[in-house]
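Undergrad: Residue strings, one per chain:
Number of protein chains: 2
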Amino acid sequence: MKRFSMIILYLLLSFTMLYGQEHPRLSLTLDGVKTIQAGLDNYPLFYEEYVKAKQEVDQAIQTGLDVPRPKDMAGGYTHEQHKRNYKLLQIAGNIYQISGEDKYAEFVKKILVEYADMYPSLGLHPAKKSYARGKLFWQCLNDANWMVFVSQAYDCIYDYLSEKDRKHLENNLFVPFANFLSEENPKFFNRIHNHSTWANAAVGMMALAMGNDTLLQKALYGLKDDGIDPSEVDNDGGYIKQAGLRKAGFLAQLDYSFSPDGYFSEGPYYQRYAIFPFLIFSYALHNTKPDLEIFKYRESILKKATHSLLQLTNHQGEFFPINDAQKGMAFTTYELVTAVDLMYWVDDSQTELLSWAASQGSVLLNEAGFYVAQKITEQEITAPVKKSILLGDGVDGKEGGISILRTKGIDLLFKFSAQGMGHGHFDRLSYSLYNETGEVIQDYGAVRWVNVDQKGGGRYLPENKTFGKQSIAHNTLVVDEGSHYEATVKKAEKAHPNLYLFDAANEDLQVISAIENNAYPAVSMHRTFIVFEDEAFTNPLLIDLFVVAADTPHTYDLPNWYSGHMMQSNGDCKGNFSSLVPIGKANGYQHIWEIANCTIEKDMHTFNWLNKNRFYTKYAITSPKDQFIMGRAGANDPNQNLRADPVIIHRKTEQTDAVFLNLIEAHGVYSPITEVPTQPYGTIESLHLDYADGNYTSFHFTTATHHWQVLFSLKNNQATAKHQLNINQMDYVWTGPLKIIKTKHKK
Amino acid sequence: MKRFSMIILYLLLSFTMLYGQEHPRLSLTLDGVKTIQAGLDNYPLFYEEYVKAKQEVDQAIQTGLDVPRPKDMAGGYTHEQHKRNYKLLQIAGNIYQISGEDKYAEFVKKILVEYADMYPSLGLHPAKKSYARGKLFWQCLNDANWMVFVSQAYDCIYDYLSEKDRKHLENNLFVPFANFLSEENPKFFNRIHNHSTWANAAVGMMALAMGNDTLLQKALYGLKDDGIDPSEVDNDGGYIKQAGLRKAGFLAQLDYSFSPDGYFSEGPYYQRYAIFPFLIFSYALHNTKPDLEIFKYRESILKKATHSLLQLTNHQGEFFPINDAQKGMAFTTYELVTAVDLMYWVDDSQTELLSWAASQGSVLLNEAGFYVAQKITEQEITAPVKKSILLGDGVDGKEGGISILRTKGIDLLFKFSAQGMGHGHFDRLSYSLYNETGEVIQDYGAVRWVNVDQKGGGRYLPENKTFGKQSIAHNTLVVDEGSHYEATVKKAEKAHPNLYLFDAANEDLQVISAIENNAYPAVSMHRTFIVFEDEAFTNPLLIDLFVVAADTPHTYDLPNWYSGHMMQSNGDCKGNFSSLVPIGKANGYQHIWEIANCTIEKDMHTFNWLNKNRFYTKYAITSPKDQFIMGRAGANDPNQNLRADPVIIHRKTEQTDAVFLNLIEAHGVYSPITEVPTQPYGTIESLHLDYADGNYTSFHFTTATHHWQVLFSLKNNQATAKHQLNINQMDYVWTGPLKIIKTKHKK
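As they're listed, the protein sequences go chains A and B. Counting in the working numbering, the first sequence tops out at residue 747, every number present. Counting in the working numbering, the second sequence tops out at residue 747, every number present.
In isolation and in its complexed conformation, chain A is listed as follows:
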C-alpha cells in the first residue's frame, strides 16, 4: 500500500513537472496546439478569428512596430503604441504556435529584444500622476497589463529562442520588470485590489513562463514585508491597506476580492477589468500547477464571479454603470470572451456559457476558444437567460449587496452594496431602471472618456469627484444637500447597508428592500422596490417606497434622473426661464441648473415623459410644502465634461420622518412613423399613503376600476410572521412582510 502511494506521488510529481517544463504552457498548451492544427478550419468562429488575427500580425510585420521611449499619458501616442504592441505580441505568439511559421516567432523576438535593449535605461515614466508610476506607462497598472500579455508571447516563442536570447530578455527585461512591479512597488503589488491582481498575475505568469519559482511565490502569496503605511491612499482615494487584512498575493485576492456570490465590490465595470488577470493567470496555473486546483478555489469563486458578471448586464449586454464606470462597456469585451471561453473549457457542464459565447461572436485563439467554436458549430444554441438576482457584497457576503429584479423586459437595479473602495459612488440605496431599449431611470456613470486624450488625457475628470460620485447625481435620498458619508471613502467604508428583504420567487410580485442607517448621522433610510404585474396594467408597475426616520428636521431631496423628454407634469411650475442658476453650491448641487421649481396642491404629483418612444408616468405622494425641482446637469462645468441630462428632484423641507412613495408606470408607446400615440397617459388615478409608523407602511392606488391596498411590514421580514392593521376602518390581516390586496370599485 505504501509502495502504491509512492508511485502515485511520483506520477503526480512527474505530471506536474512535465506540465512545468513544456512550452507553451500559459494560455496555450502543446496538446491544444495539436488539436487546433488538426481542425483549424473546421469551425468558422475560430477560423475567422485566426484568419483575422493572422492578417493583423502580417500587417504589423510588414509595417513594423514602433517601440517608442515612454512619454505620453493614456490616450497619447507612446501609451497607445505600447498597448498596441503587447496585444500584438500576444497574438503573434499564438499565430506562431498555430501556424508553425518561424516568421511570427522572429517578429516577437525582434520586438522583445527592442524592449530589452531599452528597458535598463528607463527611469520612472515622466508623468507624475500615479501613486505607483510605471516605466513603460504612467502607472504600474499598465506595465502589469503589458507583462500579462507579453508573458504569453514569450511563452509561445520560448523554445524558438536560443539560450542566449532568453538570458538577454530575462536578465534585462523580464526579471527587472517583475521586480519593479513587486519588490520595488509594494504599494501596488501587495494590496487587496484589482491593481494588485494585475501585478500578481503579471509577475506570476512571467514566472511560469521563465520557470522562476521565487517570483511565482511572490505572485501567489505576496511580499512578506511591504512596509506600507496604513494611512496611504491611491489616486482614487482608496486605502492601500485594508484594515485587518494581512494577506497579499494572488490567492489572497481570490479570498478577498469577491463576495461569496462572486460580486466584486467596485461593481461590474471594474469586475470586468479585474476578472481578466484572475482568469488568465488561473488558467496558466491550471495548465502548469494542476494540483493547486485553482478553479475550484474558494468553492469555485471564479465561476461564480463569471456568472454574476454576465448577469450584471442590460438588454444590450452592457454592464450596469454603477460606481465609476463608462457606459457602453459590454459582455462582448475581450475580458468576458476570455472568461466565458476559459470557464466553459474548465467545466463544459455550464451549457449556458455556450449561449453567451455565441452572442459574443468571437472566441479566444487557444484550445478553450477552439472548443467553444466547435461546440457552437455542433450544437443548437439558445439565447442566454437572465434572471432576478441577489448578490451579497463583502467577503462574507453580508455587507449589503446588489439586486436586479427582472420581468417582461424590465431590469430594476437596486444598489445597497458597500462602498466599492476608491471607485465607489456615494449612492446608498440608489437604483436605475432599464427596458429593452436601454435606460429609463439612469445612473450617470463616471465623468470620464476612458483613454480619450482630449478629455483630460482619458483619466477621471474633475467633475467625477464633484458631481459623478456625489449622492445628488444618483437616484437616492440626499439629506440637507450633503452627500452620504460626506463623500469620504474612509467614512463610507466603515458601514454598509443591510438587506431587509428579497423575494423574486413570484415573477409577478418581486420585492427587494434594504436599510442604510449610517449615511447621515441619526437618519435611518429604508428603501423598498416592488415590481408588480397585474392585468390592469400594460406593463409591470414599479413601486418605490422610501421611508426616512430622523430625530431632527431636515431637507430631503430624492432625485430621479429620467432618460428622455418631459411631456407633462401636474405641478405649478415657476422659474426664471430667461436665466439659470445652479440648485445649490456644493456636493454636486453646483453642477445642476435649476430649470423650474414646481409645487402642487393635490396630494399626488404626476410626471409624464417620453423615453425612446415609450410613455412613462411617475406618480408621487406629496405634502403641501413639497417642491419638485426640474434640473439639468452642466453647471460650473467650464470644459463641458458633463452630459446635459435632466432630473426631477422631489424636495421635502423641515421634515423629521418622511415617506417618499413613487409609482412608475410604463403605459404607452409612440411611433414617429404612424404618428399614433397609444395610451399616452397613465392609468393610475390616485395614490395615497394610509398608514406610516416605524413598523408598517400601508398605501393604496387606484385606476378607474380597481383599488390596490399595499401592506408592508418594516420591521419583521419573516415569511411566516402574521400582521394586523386597521386602515380606514378596515381590518387587514396578513402573513409575511408584503401583501397587496386588489379590489374592484364598488359601483
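FYI, nobody ran anything at the bench for these hints, they're computed from the structure. Warning: the hint list may mix true and false statements.
Any copy, or any two copies together, can satisfy a pair, since identical chains are not distinguished.
List of simulated lysine to aspartate or glutamate pairs, EDC-like, C-alpha gap at most 20 angstroms [stated by the list, open to error]:
| # | residue 1 | residue 2 |
| --- | --- | --- |
| 1 | K83 | E675 |
| 2 | K164 | D102 |
| 3 | K87 | E675 |
| 4 | K135 | D234 |
This structure is a prediction, so every number in the text was calculated from the model and none was measured.
Assemble the complex: chain A is given as a structure, and chain B must be docked to it using the hints.
TA: Just chain B now, kept in the frame of chain A:
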C-alpha cells in the same frame, strides 16, 4: 374609316362606362380581387399582411367601434377614435372583398350608418383652432382624411348594400360631407396646397364611389368661384391664394404642387403626407377614368415625386427633417408603401421600386400590393440605391432647390429651396450632415410632437415659431441677429436662392453652390459645399465656403448645430459657468443659453467632438475679433418643449464683406468596449484663406505631408471657362469653376 372611328369611340366610351359601373373600383378592382383570391397564400408578404389585417378587423368586430360625438383635439379621445375608425373601415372593406365574408360588409355598413345617423346633427367641431374647422375633427383636413379612407370602404361594400342603405348613407352623410369639404369650405378646397389635395381627393374619390359626376368635376377642376380674399392666411401663416394662380382642383394641384423634378416645396415630411391623396385618387382615376392617363400627367410627375421622396432619406430611411418636420418619419410609412406599390403596379419597369418595397417589409392590401409581394417572392432583390441628387424647386424648377451630395456613407443635404409655404423655415442656404449612424450636423426639425396630446394637443408648439423656424436654429448665416426675410412668409415667398453650381459626376470631388441675395437687404450670400475624397484622409472631407458681401458693416453669425459631445476646442473660452443667460433677446436667440464665449489668437479654430463614437473636427479660419459662442437650446422655454441641443456659433462683428471657411473632418472612432480611440485628433494642420474678392476665392489647407490649394470662381460657373490667379507669387491657371491642386511639402 369614319365608321371605324365611331366603333373605337364607342368602345372607349363603353370601356369607361364599364369601369365606372363596377364595384369596387377605387383602390381595389373586381379583377384584382379575383387575382388575389386565386393566389391568396402564395406570397408571404401579402398573406401576412392579409392575416394581420383580418385579425385586426375581427378584433374590432368583437369589441365594436365607438363612434363618439366629436369633442377632442388631435391626440384626444374622439379625434384618435375617428382616425382609428376610418382606417379600420377601409381595411374591413378590403377584407370583405378578398374573403367574400358578409360579416365584414355588415360591420362596415353598421359603422357607416352610425356616422350617417349622427352627421346631420353635427355643427362645426367645438375646438376653434383651425382656419377651416371640420365636423368630425378640429380641422377640415382630418375630415378629408376620413373621406379618402371611407370612400374606399363604401366602394367595397357598395354592391352589398340595398338601394335604401345607399340612399341613407349618401343623402345624410357622404353628399353633405362632400359639400361641406368643397362648397362650404372654399378656403380649404380651392387652394394650391396639400390641404386642398386631400380635399380634392376626398370629394373626388367619394364622387367616384357614388358615381356623382358633379362632385367629381369639382374635385378635378375646383370650385368656379370661391370668393377668397387674397390676403387670407392659414394656421401656418401661408397664403390661401397664391399670387397669379387662378386654377384649382386636383389637376391644378398636379400642375403646381411639384417642381418638374418632383420636389414638393414644403419638404419631404409634407411631401410624404401630400403624396398619399395624389396617389390614391390617381389610382382610383386610373381604374375608373383610364382615358385621363393620370399617371402620365405632366410628364409622369407622380413617378418623379415618388422617386425624389425615396431619395430624400438618410441611412435609416428617415426623411431629412427640413422645414416643419418631425424626426423619425421614414419611408416605411403607409403613404410610401402606397406610393411604392402603386407606382410599381402602374409601371413595373421601375425595378428599383421593388428594392424599396422589400425594405419596407409591408404591402398594400390590393392588387398592387399583391403584385409587389409576388415579384419580391419570385425575384432576387438588391438593396435600394441612393445617389447624389439635385432637385429644382418651384413649378418651373428654377426657384432654387435642394441637393444631396452622397459618398461613402456621407449624406450632405444643402437647402437652397424656395420658402415652402407656411411650413417653410427661414433657413436659406442651410445644410445638415449625416453619416451611416445618423445626424452629425443636425436640422432641428419642428418643435412638435405630432398627435401627442400632452404637448399642446399634438400641434405645433409656440417655440416652433419663436425658435424652430428662425434662422439661428439652422446651420446658416444670420445677419445682425435677425432672421431671413424677417421670418415673414409673405416676404420670403417673393424671392428664392439660385443654383450656382452642381457637379456630382466625380464621386471624389462633388460640389454644390447657391446664392441668396434677398434674405437681408443689401447682403449677398453665396455658399458652396465641396465633398472631397483624398487618400490622405480616412473619410471624405467636407469644405464649407460661405462668402458674404454687403455694403455696410454687420454682425454675422454662423451656427453649427452639431450632434454629440464636445471634446476639445482650441479657443480661449470664457463664461460665467455659475449662471446662464440667453445669447440674445429675439428671433430665436432668446431660446439659446450661452454656455461660453471663446476667442482665438491663431488664425484657425478647431472644434473636436464625439458623435456616436466617431471623432469629428471642424476647422474654421478666423479673424482676430471673431468669437465662438457655445450654446445650448432651452432658454425661455417654460414647458420644456425644446431639446437641449448644443450649438457652436461663429460670430464676426462689424464686418462688411466676410468669408466663413469651414472644413469638417471625420477622422477617428472610439469603442466603449475596447476603449481604444483611433485617430482622436484631426489631421489638418492649417487652413488659410489666400485670396478673396468678388470674383474668386482661393484657400489652402495642409496636413503633415501635403498641401491642397483650392481655387474657386464665384462669378463664372461655366465648365469651359479659363481662369488665372496669382497667389503667393504662384500663377495658377485652371479651367472650370473649381480646382483643387495637391502638392507634397518640400523637404
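Undergrad: Next step is simple, just say for each hint if it's right about the structure.
TA: Each hint, compared with the structure:
1. For the identical chains of this complex, K83 and E675 are inter-copy neighbours only, at 12 angstroms across copies versus 49 angstroms inside a copy, given an alpha-carbon limit of 20 angstroms.
2. For a Cα distance limit of 20 angstroms, the shortest separation of K164 from D102 inside one copy, 18 angstroms, qualifies, whereas the shortest one across copies, 94 angstroms, does not.
3. For the homomeric pair K87 and E675, the shortest alpha-carbon distance between copies (14 angstroms) is at most 20 angstroms, but the shortest distance inside one copy (49 angstroms) is not.
4. Proximity of K135 and D234 under a CA criterion of 20 angstroms is satisfied intra-copy only: 18 angstroms inside one chain copy versus 73 angstroms between copies.
Every hint, counting from the list given before, is met by this structure.
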